[in-house]
Amino acid sequence: MISRRLVSKVSKGLPFPQGTRNHREDDFDFEKILDHNRALEAQLTPALHSNELLEAQVSKELACLESEKETLATLEANAKTEAGLRSEAARRLHSLLQPQDGIMDIEGLKDDVGLSNGQHPSSLLPIMKLNHLQIQDDEHLQTLVKDLDGHVDSIQGNIRQVHGVVQAISKSKAAVQATLFDRLDNLQYDEVLLGN
Numbered sequence: 015m016i017s018r019r020l021v022s023k024v025s026k027g028l029p030f031p032q033g034t035r036n037h038r039e040d041d042f043d044f045e046k047i048l049d050h051n052r053a054l055e056a057q058l059t060p061a062l063h064s065n066e067l068l069e070a071q072v073s074k075e076l077a078c079l080e081s082e083k084e085t086l087a088t089l090e091a092n093a094k095t096e097a098g099l100r101s102e103a104a105r106r107l108h109s110l111l112q113p114q115d116g117i118m119d120i121e122g123l124k125d126d127v128g129l130s131n132g133q134h135p136s137s138l139l140p141i142m143k144l145n146h147l148q149i150q151d152d153e154h155l156q157t158l159v160k161d162l163d164g165h166v167d168s169i170q171g172n173i174r175q176v177h178g179v180v181q182a183i184s185k186s187k188a189a190v191q192a193t194l195f196d197r198l199d200n201l202q203y204d205e206v207l208l209g210n
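In our numbering, the protein residues as written are 15 to 210.
Be aware that a few hints might be false.
[To be verified] Label-pair ranges, simulated between beta-carbon atoms: (1) Cys78 / Gln181: 55 to 65 angstroms; (2) Glu90 / His63: 37 to 47 angstroms; (3) Asp199 / Glu55: 32 to 42 angstroms; (4) Val72 / Asn51: 26 to 36 angstroms; (5) Leu198 / Val159: 57 to 67 angstroms.
Hint data in this document are derived by calculation from the structure and do not stem from the laboratory. Computed from a predicted structure; not experimentally measured. Virtual Cβ for every residue (Gly too), placed ideally from N, Cα, C.
Please model the entire structure based on the sequences and the hints provided.
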């Protein structure tokens, strides 16, 4: 019975896997198969090499990431220490410089001079909150506040004088470059701009 089935299948034709090439004869040509394998290996070798290079680069980047994480942890620890030192310094301020409620907020300790919008620096807020009688009692403090106010006004005036100079310079530079580009060929343009 098994032999009959086998004979019938052979007579009908055994199923054979699909060929990988256009011509069925090429699947049975040993030399062509070897050439095809060599071509595939030639493609595989650079891919493996680039994979090794990528893995080496990934390991370098991971080592760099670990180093940066350690640096970040150190910076965060230093920032916490500095915040503690600043709050300690705020508690030791002279009584005239302390705010009315006696607690110096962190915003008052920032290094913001506030010259861009014409406001007084935030570090001077405690002085501005001083009672008028406290300033009148101390002539040295009055002159100090007046001098400081004069310096702030002078700095603001200097900033107003140079406001817009950077934009004007960049516009002039762009206009000169556009004119040179229109009048010179590429080689001359590169020589003028880059000094080649």
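- Task: Against the structure, test the hints numbered earlier, and report the numbers of the ones violated in rising order.
- Result: Violated hints (numbers, rising): 1 and 3; every other hint is consistent with the structure.
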